[in-house]
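Please build the complete structure, drawing on both the sequences and the hints.
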Amino acid sequence: LTLHWLPVFGWGDSWKQMVMPVIVLGTGGMAIIARLTRASVLETLGQDYIRTARAKGLRERYVLARHALPNSIIPVVTVLGPLLAAWLTGTFFVELIFAIPGIGKFFITAVTDRDYSMIMATTLIYSVALVAMNLIVDIAYGFLDPRIRYD
27 LTLHWLPVFG WGDSWKQMVM PVIVLGTGGM AIIARLTRAS VLETLGQDYI RTARAKGLRE
87 RYVLARHALP NSIIPVVTVL GPLLAAWLTG TFFVELIFAI PGIGKFFITA VTDRDYSMIM
147 ATTLIYSVAL VAMNLIVDIA YGFLDPRIRY D
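The opening residue of the sequence shown carries number 27 in this note's numbering; numbering runs sequentially from there.
Calculated from the structure, these hints are not laboratory results.
A virtual CB, placed ideally from N, CA and C, is assigned to each residue, including glycine.
Misleading hints may appear alongside valid ones.
To be verified - The list that follows gives simulated cross-link-like pairs (lysine to any residue, SDA-like), each with its CA atoms no further than 25 Å apart:
no.	residue 1	residue 2
1	Lys131	Pro33
2	Lys82	Val105
3	Lys131	Val50
4	Lys82	Arg92
5	Lys131	Leu68
6	Lys131	Gly107
7	Lys42	Met56
8	Lys42	Phe132
9	Lys131	Ile151
10	Lys42	Arg61
11	Lys42	Leu68
12	Lys131	Glu121
13	Lys131	Trp41
14	Lys42	Met144
15	Lys131	Leu109
16	Lys82	His93
17	Lys42	Ala112
18	Lys131	Ile49
19	Lys131	Asp141
20	Lys131	Gly55
21	Lys42	Gly54
22	Lys131	Phe118
23	Lys42	Glu121
24	Lys42	Gly55
25	Lys82	Leu68
26	Lys131	Met144
27	Lys42	Trp113
Claimed, not checked - Cβ pair distances, simulated, as ranges:
no.	residue 1	residue 2	range
28	Leu170	Ala147	33 to 39 Å
29	Thr115	Gly83	47 to 53 Å
30	Thr104	Trp37	30 to 36 Å
31	Gly72	Val137	48 to 54 Å
32	Ala147	Leu68	41 to 47 Å
33	Ile165	Val48	24 to 30 Å
34	Arg61	Phe35	27 to 33 Å
35	Val45	Gly72	35 to 41 Å
36	Ile123	Leu29	35 to 41 Å
37	Ala125	Asn160	28 to 34 Å
38	Ile123	Arg173	30 to 36 Å
The following block contains the structure:
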């Protein structure tokens, strides 16, 4: 705070005002995705078809890009639905702490003012957004893994 490298609050005047809220929202999710991706890739690298690809003389980069990562991405996509929900609900507090004008801050203000119609409206908006995110994750399954396609 005393170095004045980044502004502590506000939004829109400069890109520097976006850095701290993005770090707050992104670091937890980034750690979860990185840990899950690493575990999934390590599990996939032990499969027989990976050993076969290496035995055929394919380069390690090609084995990772074409065989390991596409088969390891399904668990990561599975976690993205709840993680997006956590990011969305995390914006309530980030907007309040960093004085960012947005629907999250509007919701917190409605709760403190006991404005029930606004509470219901913002809850409906967030609910629709969460359902849409989970639907997008389910649709992404069909594109990523042909065995999960819907008929």
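To see whether the hints hold, each was checked on the structure:
1. Taking the CA atoms of Lys131 and Pro33, the gap is about 19 Å. The hint holds against a cut of 25 Å.
2. The suggested pairing of Lys82 with Val105 is violated, with an alpha-carbon distance near 34 Å, which exceeds 25 Å.
3. With a CA separation close to 16 Å, the supplied pair Lys131 and Val50 stays within the 25 Å bound.
4. Taking the CA atoms of Lys82 and Arg92, the gap is about 14 Å. The hint holds against a cut of 25 Å.
5. For the hint linking Lys131 to Leu68, the alpha-carbon distance of about 41 Å lies beyond 25 Å, and the restraint is violated.
6. Pair hint Lys131 plus Gly107 holds up; C-alpha atoms about 23 Å apart against a cutoff of 25 Å.
7. With a C-alpha separation of about 20 Å, the suggested pairing of Lys42 with Met56 holds against the 25 Å cut-off.
8. For the proposed pair Lys42 and Phe132, the alpha carbon gap of about 23 Å is at most 25 Å, so the pair holds.
9. Taking the CA atoms of Lys131 and Ile151, the gap is near 14 Å; set against the 25 Å cutoff, the hint holds.
10. As the CA atoms of Lys42 and Arg61 are separated by approximately 28 Å, the hinted pair breaks the 25 Å bound.
11. For the suggested pair Lys42 and Leu68, the alpha carbons sit about 37 Å apart, so the restraint of at most 25 Å is broken.
12. Under the criterion of a C-alpha separation no larger than 25 Å, the hint pairing Lys131 with Glu121 is consistent with the structure, at around 5 Å.
13. About 20 Å separates the Cα atoms of Lys131 and Trp41, which keeps this hinted pair within 25 Å; it holds.
14. Annotation: proposed proximity of Lys42 to Met144 is violated, straight-line Cα distance about 31 Å (limit 25 Å).
15. With a CA separation close to 20 Å, the supplied pair Lys131 and Leu109 stays within the 25 Å bound.
16. Taking the CA atoms of Lys82 and His93, the gap is near 13 Å; set against the 25 Å cutoff, the hint holds.
17. For the given pair, Lys42 sits about 24 Å from Ala112 by alpha-carbon distance, which is consistent with the 25 Å threshold.
18. Pair hint Lys131 plus Ile49 holds up; C-alpha atoms about 18 Å apart against a cutoff of 25 Å.
19. A hinted pair counts as satisfied when its Cα atoms are at most 25 Å apart, and Lys131 with Asp141 qualifies at roughly 13 Å.
20. This hinted pair checks out: Lys131 and Gly55 have alpha carbons roughly 21 Å apart, not beyond 25 Å.
21. The suggested pairing of Lys42 with Gly54 holds, with an alpha-carbon distance near 20 Å, which does not exceed 25 Å.
22. Note on Lys131 and Phe118: the hinted pairing holds, with a Cα-Cα distance of about 6 Å set against a maximum of 25 Å.
23. Of the supplied pair hints, the one linking Lys42 and Glu121 holds, its CA atoms being roughly 15 Å apart against a limit of 25 Å.
24. Annotation: proposed proximity of Lys42 to Gly55 holds, straight-line Cα distance about 21 Å (limit 25 Å).
25. Straight-line distance between C-alpha atoms of Lys82 and Leu68 comes to about 20 Å, which keeps the hinted pair within the 25 Å bound.
26. Distance check on the hinted pair: Lys131 and Met144 sit about 12 Å apart at the alpha-carbon level, within 25 Å; holds.
27. Taking the CA atoms of Lys42 and Trp113, the gap is near 20 Å; set against the 25 Å cutoff, the hint holds.
28. Restraint check, Leu170 to Ala147: a C-beta distance of roughly 35 Å satisfies the suggested window 33 to 39 Å.
29. Between Thr115 and Gly83 the beta carbon distance is about 49 Å. The supplied range of 47 to 53 Å therefore holds.
30. At roughly 32 Å, the beta carbons of Thr104 and Trp37 sit within the given window of 30 to 36 Å.
31. Range check, Gly72 to Val137: Cβ separation about 49 Å, and the 48 to 54 Å hint holds.
32. A hinted range of 41 to 47 Å holds for the C-beta pair Ala147 and Leu68, which are about 45 Å apart.
33. Distance hint check for Ile165 and Val48: the Cβ-Cβ separation is about 27 Å, which falls inside the suggested range of 24 to 30 Å.
34. For Arg61 and Phe35, the Cβ-Cβ distance of about 31 Å falls inside the hinted range of 27 to 33 Å, so the restraint holds.
35. The hinted range of 35 to 41 Å is satisfied by Val45 and Gly72, whose Cβ atoms lie roughly 39 Å apart.
36. Distance hint check: the CB atoms of Ile123 and Leu29 are about 19 Å apart, inconsistent with the given range 35 to 41 Å.
37. Separation of Ala125 from Asn160 is about 31 Å and conforms to the stated range, judged on CB atoms against 28 to 34 Å.
38. Checked against the given bound of 30 to 36 Å, the beta carbons of Ile123 and Arg173, roughly 44 Å apart, lie outside it.
Consistency note: the structure conflicts with the earlier hints numbered 2, 5, 10, 11, 14, 36 and 38.
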